[in-house]
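Student: Sequence:
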Amino acid sequence: MKFLRQHANSIILCLFEILVGILLLINPVKFTTAIVTVFGIVLIMIGVICVLSYFRSEAVQAAASQSLSKGLLALTVGIFCTVRSSWFITVFPAVAIIYGVAVLMAGLVKIQWAVDLIRLKLGRWVLPAVSAAISVICGVIILNNPFGATVVLWIFTGISLIVEAALDIIALFLISTFSGQEQVSR
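What the sequence shown shows, in my numbering, is residues -19 to 166, in sequence order.
Possibly wrong hints are sitting among the right ones.
Unchecked claim - Pairwise CB distance ranges, derived in the manner of DEER restraints: (1) Val110 / Ala82: 16 to 22 angstroms; (2) Ala82 / Phe35: 41 to 47 angstroms; (3) Gln46 / Val110: 20 to 26 angstroms; (4) Val9 / Ile117: 40 to 46 angstroms; (5) Lys101 / Arg64: 53 to 59 angstroms; (6) Glu144 / Phe35: 17 to 23 angstroms; (7) Arg99 / Ala44: 56 to 62 angstroms; (8) Lys10 / Ser140: 17 to 23 angstroms; (9) Ile29 / Arg(-15): 18 to 24 angstroms; (10) Leu5 / Arg64: 38 to 44 angstroms; (11) Ile78 / Ile29: 30 to 36 angstroms; (12) Asn125 / Gln41: 27 to 33 angstroms; (13) Ala42 / Ile114: 39 to 45 angstroms.
No lab work stands behind these hints, which were simulated from the structure alone.
Being a predicted model, the structure only gives us computed values, none of them experimental.
Where a beta carbon is used, it is the ideal one built from N, C-alpha and C, also for glycine.
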């Protein structure tokens, strides 16, 4: 019980991460849409607060704070996120394509590094060559199926959140147990 009281915040955070990971695995599209919508609502609230703050402030202070423009920007982005949350789901494959191009380009640069090492007879070219091959293969795979890459990314994110949170809880428990044994032995 002492362990739970001492680490309540960390455990709650880890349980939240596990929940997010599970929700990403169950239905990543609905979960992501909900997150974008909630983010939009928060931005709308921040925008309203900024606009109200602008009109409640003295003219000089209001002009310096630029709360009106910040508030209008937050309102605009917030309304867009709330009303068009599905747009973000549609754009994810485009982001995957950009990522695929970047990975492919990095692989091509790594090929030159490996070839430079060979030509300069410096050895140790195998690691850059393997890294280049992996980058090029991953880039080509992503570019051939950006929709699949998005799904894999969601699955990977969900699984990594769950595993990371579980390992954090285990680490907290082990550290707590180790600290308790150390104090007893003193």
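Student: Does the Cβ distance between Arg99 and Ala44 fall inside 56 to 62 angstroms?
Tutor: Since Arg99 and Ala44 have Cβ atoms about 59 angstroms apart, the given range 56 to 62 angstroms holds.
Student: Using the beta carbons of Val9 and Ile117, state whether their distance is inside 40 to 46 angstroms or not.
Tutor: violated, 27 angstroms
Student: Falls inside 17 to 23 angstroms, the C-beta gap from Lys10 to Ser140?
Tutor: holds, 20 angstroms
Student: Given a hinted range of 20 to 26 angstroms, is it respected by the beta-carbon distance of Gln46 and Val110?
Tutor: violated, 51 angstroms
Student: CB of Ala82 to CB of Phe35, is that within 41 to 47 angstroms?
Tutor: holds, 44 angstroms
Student: I want to verify a distance hint. Is the separation of the beta carbons of Ile29 and Arg(-15) within 18 to 24 angstroms?
Tutor: At 35 angstroms between Cβs, range violated.
Student: With respect to the beta-carbon atoms only, verify the hint that Val110 and Ala82 lie 16 to 22 angstroms apart.
Tutor: holds, 19 angstroms
Student: Range first: 30 to 36 angstroms. Now tell me if the beta carbons of Ile78 and Ile29 are that far apart.
Tutor: holds, 34 angstroms
Student: Is 38 to 44 angstroms respected by the C-beta to C-beta distance linking Leu5 and Arg64?
Tutor: violated, 25 angstroms
Student: Given the hint of 27 to 33 angstroms, is the C-beta distance from Asn125 to Gln41 inside that range or not?
Tutor: This hint is violated: roughly 54 angstroms between Cβ atoms.
Student: Within 39 to 45 angstroms: is that where the Cβ-Cβ distance between Ala42 and Ile114 falls?
Tutor: violated, 54 angstroms
Student: Lying within 17 to 23 angstroms: is that true of the beta-carbon distance Glu144 to Phe35?
Tutor: violated, 45 angstroms
Comparing the model with each earlier hint shows violations of hints 3, 4, 6, 9, 10, 12, 13; every other hint is respected.
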